[in-house]
Each structure stands twice: as structure tokens, then as C-alpha cells.
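Q: Given next are the chains, with one letter for each unit.
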Amino acid sequence: MTAPRGLTIAQARDALRKGAFTARELAETYVAAAEEGARLNAFIAHTSEQALKQADAADARLKAGDAPAMCGIPLGIKDLFATEGVQTQAASNILAGFRPPYESTVTRKLWDAGAVMLGKLNMDEFAMGSSNETSAYGPAINPWRRKDAPDTNLTPGGSSGGSAAAVAGDLCLAATGTDTGGSIRQPAAFTGITGVKPTYGRCSRWGIVAFASSLDQAGPMTRDVRDAAIMLGAMAGHDPMDSTSADLAVPDFEAALTGDIRGRKIGIPREYRVEGMPAEIETLWAEGRAMLADAGAEIVDISLPHTRYALPAYYVIAPAEASSNLARYDGVRYGHRAKIRQGEGITEMYERTRAEGFGDEVKRRIMIGAYVLSAGYYDAYYKKAQKVRTLIKRDFEQVYADGVDAILTPATPSAAFGIGEMADADPIRMYLNDVFTVTVNLSGLPGIAVPTGLSSQGLPLGLQLIGRPWEEADLLNTAYALEKRADFAHHAEKWW
Amino acid sequence: MSIDKDTARRVAHLARIEVAEEALEPLARDLSRILDFMDELSQVDTDGVEPMTSVTPMELKRRDDVITDGNRQDDILKNAPDAREGFFAVPKVVE
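In order, the protein sequence lines correspond to chains A and B. The opening position of the first sequence corresponds to residue 1 in our numbering, with each subsequent residue numbered one higher. The opening position of the second sequence corresponds to residue 1001 in our numbering, with each subsequent residue numbered one higher.
Treat the hints loosely; a few may be bogus.
The calculated DMTMM-like cross-link candidates involving lysine to aspartate or glutamate, where the alpha carbons are at most 20 Å apart (straight line), are [unchecked claim]: (1) A:383 to B:1040; (2) B:1005 to B:1025; (3) A:383 to B:1039; (4) A:383 to B:1082; (5) A:393 to B:1025; (6) A:393 to B:1047; (7) A:484 to A:298; (8) B:1078 to A:84; (9) A:383 to B:1018; (10) A:339 to B:1018; (11) A:383 to B:1050; (12) B:1078 to A:260; (13) A:383 to B:1045; (14) B:1005 to A:360; (15) A:383 to A:402; (16) B:1092 to A:14; (17) B:1092 to A:330; (18) A:339 to B:1082; (19) B:1061 to A:247; (20) B:1061 to A:344; (21) A:393 to B:1045; (22) A:393 to B:1050; (23) B:1005 to A:474; (24) A:393 to B:1040.
Keep in mind the hints are simulated off the structure, nothing from the lab.
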């Protein structure tokens, strides 16, 4: 028997438990799907043998009646997660050939829960980008196409672009992502899937290649809200290996999905109505408000006055942390090492290794980071940005103290754009993709992107819900109510 | 705030990234544009505001100062571009 495609995690879980097909059959179906999807450039490494082995182990657990929800579910893993014995390069040439002798905590938890690894997924180099175009493997391609330009390759967003393309193209049931400034939510919105950035500290960062440690969080990228709840439950939890991981119990997120949000207060922040926002995003947002009101929520206008300073603060803090984190790539312990000439020494070796190994955007951010941390500029840039960060977080605390339960905003300022369309643009224009999402990372809050409509070009558009810290269960339930009313039943037509 | 060619050279060296002489001008322009964007921060009144050091207020856990891992020389050297006799090999550092 063969297992079908197109199932959600919840559907596959129930079918596996009933014995409608085996984990091995499901793994075989998706090993083939992942390999057939080569034109999407989502997978950069296949681990098919490992997948079948894990599937056999999952079948044994299913048979024994000891099968957690993720047991036998085929997943794609973003290349930022260290996977033991499997290439882990953060889509960078500087980590060429790196095979970690250890497993990240989040992926280990998933394998312990019985999940199956299909392979590693494309991303922006070191998670720095919003279009997957900075990847050393070339960009992942969005399975969706514009109605009037069906031959134009669109970006799946970034940095978790491969994860988004793989889930939207049904090359896996779900994927891991990471989000430093919007890297789960923006690609989820660009590809019509669901993506969660949990509260900072909910998922362990151990074994995830570090970009900006005070902002990075791992999260699930899935077909729907229920799957996000199931997968987040398997990824989350305290880890003594990450001193910033929270020692809090992980609630049953799926059990929280009642769809009942009567009396909940949903805030609409006026500062998110940005200049030049396309009318269809404005309409999408208004529709989302109406859907939540229809579900019985109370919609209130709110103000987050420091919103406009979030992007500049982010683009000080994230590069500063990156310049420090990426100092370890020096050609000594792993990855690429440049050749040096007669008479040159270790400094030339470091400088050339990094010049050859890092792409342009990564170099730019490392240098900006080095600059804002350097003597004479530290107070003006870095310390200033950290103070502004305090104010941005305070805005949210104020709103939550006033009784708001969640905040509704657009997820992105536009639908997916074409590969190469931003090539000549100022780097700042690319950074503007994060305008609705960075505030959430700066404040450590949980956020979720849910697909709720289509653009005039037939491309998916998403809304973002922002929750209170540690209240992912409540946030997922609000997202569930929104999802039910939006009833987004569209899929990308297969062309690859 | 604008970055000139000499500052670009200094920043590249601070970051230990080799940049060819002819690439310094465009790099300086790029960095300047990004810094201009960041200058918006100077409009914010941050008098008396504490800079954020931890986004989630939590106390760092302590643990006993004991060895919990080790004896993994092979694992540690496995990915090295040049490892010899149990060491990472690098160009001569001290004359």
C-alpha cells in the first residue's frame, strides 16, 4: 500500500494510529516527493536512508501503542539546526563540509518523539535575509506563481525559505524554522502556511547556529494551526544546555484549540498602518478584524508608539550580536580555510577565509556590527538601540496591562516578490520586509502568521497575531478561530 | 553619519574580513546608507531608560562546577581543515 500526500500532521497521526498506512509507507511517499521537488531548491540534502530507518522505528512504537503525536511524521529541517553526522552549513560556504558530531536539542526532541528526517532545508545564509537569495545554494523557489506571470520564479521569503517552500509544495508534512526578525512568519505568509515564533526561551537554542542570540527562536512551520500546536509541543521545553531556555512546563497546546474566543480583547495597533501599504493588505487586515469580531472577540484600537524605531534598533542589535557570534568562523576548527601565500600569517588566513567563506550580506552585517560595537560608537548606536528596545517592549507591556489578549497585524507589507526583483535595491528596502515582525523578537513575545486571503495575483497573504509572553496556547487558540473563519483552502498548483 | 574609505578599511579589519582596495569605496557607501537609516534612533528620548540586557526577566540558573563532558578529542578535531597529532594546525603565530 502507498501512503497519500497532502495530509496534515493530525490526519497522518490518526491514520498511522489506525493502521491505514505505515510510517514506512508515509516515509517512502515523502522521500519521493522531496526528491521530485528539486526545482523548488528547498532541500539541499536528502537523508532518505535515515528517514526509512526512523520510520521503521516509528512503526515499532506505533505497534507497541507507544506513539507520541509526531511519531512517523516526515519533516524537513532548516540547515541552521545541527544534525549529527549530516551536513549543517547554515547555507554558507564558510561551513563547507561541516558535519556536527552532535544533535541540536530541538531536533533531538523531535526524533525522540518519533519524527522522521527527510533532509536539510535551504535558507538565507546564516538566516540573514528575507528572500532566501543569500543562500550559498541559490534561492529556494516559492511553489506559488502570479496569475499573470506564471513563469516568474517568486521568493518563498526568508530566512526559512526552504522550510516554507517544502511545506507549501507538500514535500514534507512540516518543517522546523527559526525566527530572528520574522524569518518564520514572513515566509509562512508568502507561501500560505502557518508559522509560529514562540516566546523567547520556549525552545532551546542549543545546537542551532547562532545569528543574534537575544532574538533567535526556533518554531514550527506547518499546514495549519493544529499542526503548529502539535509540533510546537514536541519542540518546546527546558534545556539545561541553554541558559536562556525557560524552566516552565509545556502545556498541551492542541488541547487549547477550542475556537472559543468570546470576550477576548484583540488590539489593532494604529502604528502598523504604514505609508505606502498596498490596499489589498489594508483590506486583508480589515477582514481579519471582522472575522475575530464575528468569533465574539472585542476589537480595540491600541497604540504602540515606538514601532517605527523597531527596524533601526533591530538592524543595530542583530548585526552587533552577529558580529560577535560569527567571530568563531576563522578557518581553524571547522569549515573553509583559505590558502595563504609565502610570507603571510594567521591574520591573512583569518581575513581571507572570512572574505571567501561569507556572502555579501553576511559580511555587510558583520561589519555593521563591528562598527556599532567599536569604541566611540558603542553608546551612540548599540546602547541607544538597547534603550529603544526597552521602550518597544514597554509599549507591549502597557497594552497587555490594559487587558488586551492578542494583537492583530498584517504579517508582511506585500505578497511574495520575484527572485531578483530586489537585486538592485538598497539593502534597506529588503529590510522593510520585517517591519511588522521585528517588534515581536525585540520584545521576546510569541507571534504566529496565518494565511487568510489571496492577493489580486492569486498569491497567499497572511495576518499576524501577537500574544502575551508564555501564552502560546491562548495565542494558538485565537489563531485557530481566525483560521476557521478565513477558511483558506487554496494550494499552489504543481508545476515543478 | 557617514563612513569614509579609511573607516571602511578599519571596520573590515576589525571584522577580520579581507576587502580589496577598489571595493572599499562601494562598501563605505553601503555602510553609510545603513547607518543613516539607524540614525532615526537619535530622535527617541531615552533619558532615564535602562538598556535592555535580558528580554525575559529570569534568574540565570547555577549548577555545580563539575566536569560533565570530555574525552572527545576525535570528535572535536573531526571537522578541522588541518589537524595534526591531536592539535589544530595553524600558520605560525609567534616568531
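Q: Each hint should be assessed against the structure and marked as holding or not.
A: Here is how each hint holds up against the structure:
Among the hinted pairs, residue 383 of chain A with residue 1040 of chain B is consistent with the structure: their alpha-carbon atoms are about 14 Å apart, no more than 20 Å. Among the hinted pairs, residue 1005 of chain B with residue 1025 of chain B is consistent with the structure: their alpha-carbon atoms are about 6 Å apart, no more than 20 Å. Between the alpha carbons of residue 383 of chain A and residue 1039 of chain B the distance comes to roughly 13 Å, so the proposed pair stays at or under 20 Å and holds. Restraint check: the Cα-Cα separation between residue 383 of chain A and residue 1082 of chain B comes to about 39 Å, which exceeds 20 Å; the hinted pair is violated.
Proposed proximity of residue 393 of chain A and residue 1025 of chain B is contradicted: the alpha carbons are some 38 Å apart, above 20 Å. The straight-line distance between the Cα atoms of residue 393 of chain A and residue 1047 of chain B is roughly 16 Å, inside the 20 Å bound, and the hint therefore holds. For a cut-off of 20 Å, the pair hint linking residue 484 of chain A to residue 298 of chain A stands: about 17 Å separates their Cα positions. As the CA atoms of residue 1078 of chain B and residue 84 of chain A are separated by approximately 13 Å, the hinted pair is consistent with the 20 Å bound.
Between the alpha carbons of residue 383 of chain A and residue 1018 of chain B the distance comes to roughly 28 Å, so the proposed pair goes past 20 Å and is violated. The suggested pairing of residue 339 of chain A with residue 1018 of chain B holds, with an alpha-carbon distance near 13 Å, which does not exceed 20 Å. Between residue 383 of chain A and residue 1050 of chain B the alpha-carbon distance is near 9 Å, which keeps this suggested pair within the 20 Å criterion. Restraint check for residue 1078 of chain B and residue 260 of chain A: the C-alpha separation of about 53 Å exceeds 20 Å, so the hint is violated.
Simply put, residue 383 of chain A and residue 1045 of chain B have alpha-carbon atoms about 13 Å apart, close enough for the 20 Å limit, and the pair holds. As the CA atoms of residue 1005 of chain B and residue 360 of chain A are separated by approximately 18 Å, the hinted pair is consistent with the 20 Å bound. Taken as a hint, the residue 383 of chain A and residue 402 of chain A pair is broken in the structure, with Cα atoms around 29 Å apart against an allowance of 20 Å. Taken as a hint, the residue 1092 of chain B and residue 14 of chain A pair is broken in the structure, with Cα atoms around 61 Å apart against an allowance of 20 Å.
A distance of roughly 15 Å separates the Cα atoms of residue 1092 of chain B and residue 330 of chain A; the hinted pair therefore holds under the 20 Å criterion. Note on residue 339 of chain A and residue 1082 of chain B: the hinted pairing holds, with a Cα-Cα distance of about 12 Å set against a maximum of 20 Å. Annotation: proposed proximity of residue 1061 of chain B to residue 247 of chain A holds, straight-line Cα distance about 10 Å (limit 20 Å). With a CA separation close to 45 Å, the supplied pair residue 1061 of chain B and residue 344 of chain A exceeds the 20 Å bound.
About 15 Å separates the Cα atoms of residue 393 of chain A and residue 1045 of chain B, which keeps this hinted pair within 20 Å; it holds. In summary, the hint linking residue 393 of chain A to residue 1050 of chain B is supported, as the alpha carbons are separated by about 12 Å, within the 20 Å threshold. Between residue 1005 of chain B and residue 474 of chain A the CA atoms are separated by roughly 52 Å; this puts the pair beyond 20 Å, and the hint is violated. Distance hint between residue 393 of chain A and residue 1040 of chain B is fulfilled; the C-alpha atoms sit about 18 Å from each other, no more than 20 Å.
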